[in-house]
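Can you build the whole structure from these sequences, using the hints too?
The residues making up each chain are set out below.
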Amino acid sequence: AQSVTQLDSQVPVFEEAPVELRCNYSSSVSVYLFWYVQYPNQGLQLLLKYLSGSTLVESINGFEAEFNKSQTSFHLRKPSVHISDTAEYFCAVIGGSQGNLIFGKGTKLSVKP
Amino acid sequence: GAGVSQSPRYKVAKRGQDVALRCDPISGHVSLFWYQQALGQGPEFLTYFQNEAQLDKSGLPSDRFFAERPEGSVSTLKIQRTQQEDSAVYLCASSLTLLYQPQHFGDGTRLSIL
Numbered sequence: 001a002q003s004v005t006q007l008d009s010q011v012p013v014f015e016e017a018p019v020e021l022r023c024n025y026s027s028s029v030s031v032y033l034f035w036y037v038q039y040p041n042q043g044l045q046l047l048l049k050y051l052s053g054s055t056l057v058e059s060i061n062g063f064e065a066e067f068n069k070s071q072t073s074f075h076l077r078k079p080s081v082h083i084s085d086t087a088e089y090f091c092a093v094i095g096g097s098q099g100n101l102i103f104g105k106g107t108k109l110s111v112k113p
Numbered sequence: 114g115a116g117v118s119q120s121p122r123y124k125v126a127k128r129g130q131d132v133a134l135r136c137d138p139i140s141g142h143v144s145l146f147w148y149q150q151a152l153g154q155g156p157e158f159l160t161y162f163q164n165e166a167q168l169d170k171s172g173l174p175s176d177r178f179f180a181e182r183p184e185g186s187v188s189t190l191k192i193q194r195t196q197q198e199d200s201a202v203y204l205c206a207s208s209l210t211l212l213y214q215p216q217h218f219g220d221g222t223r224l225s226i227l
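So the sequence lines, in the order shown, correspond to chains G and U.
Just so you know, the first sequence maps onto residues 1 to 113 in the working numbering.
Just so you know, the second sequence maps onto residues 114 to 227 in the working numbering.
If we take Cβ atoms under 10 Å as the criterion, some of the chain G residues that face chain U in the derived model are:
| id | residue |
| --- | --- |
| 1 | V4 |
| 2 | Q6 |
| 3 | Y36 |
| 4 | Q42 |
| 5 | G43 |
| 6 | L44 |
| 7 | Q45 |
| 8 | F90 |
| 9 | A92 |
| 10 | G96 |
| 11 | Q98 |
| 12 | G99 |
| 13 | N100 |
| 14 | L101 |
| 15 | G106 |
Think of the hints as simulated: they come from the structure by calculation, not from any bench.
Model, not experiment: these values are computed from the prediction.
Even glycine gets a Cβ: it sits at the ideal position worked out from N, Cα and C.
Okay, structure coming up:
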């Protein structure tokens, strides 16, 4: 069965510092991976996705994630964070033939001035 | 609107009451998913519709939970005889097709059972 582990529940970081949010998955089938961001009292917004092809995927706001099959990881990185990046980030994998997502427990990113 | 719309945003009910949560997906989206997000947790899958057909309800926690999408657009999640453990945010998501297209989420309904 598919599962997702997010190793850090909270990550505090100073503005303009780099950040890495870790995600490991287990899957016995083809892997399709996603990162979603959730701002307070809002739904989830897709940040980036890996379906196939290049193992490095990028978002429009400077985040990137690299699919590493040998390490079963899909870590999210940003070289320089902003206050506005403060949010909760969820890693997810396709869980079944119907396309439903299996989420990790989330990582709260807190960017301090 | 252009996005997934859920109503109400907040719902408070007494234990034992029935509640109904509405999801209006993006127009033309074939797939519709319901998730339950408990406090401090990631969303967990409840059920899936392809058009009006409910193809997977394996995540529904009990027979008190019921979902429908009679005309293949708006969906309603109903919870009968609510219990305190039903308190959570209920998220609806829709996508164009089944083929691993990104899911677009609504802002959710926060349900509190007193």
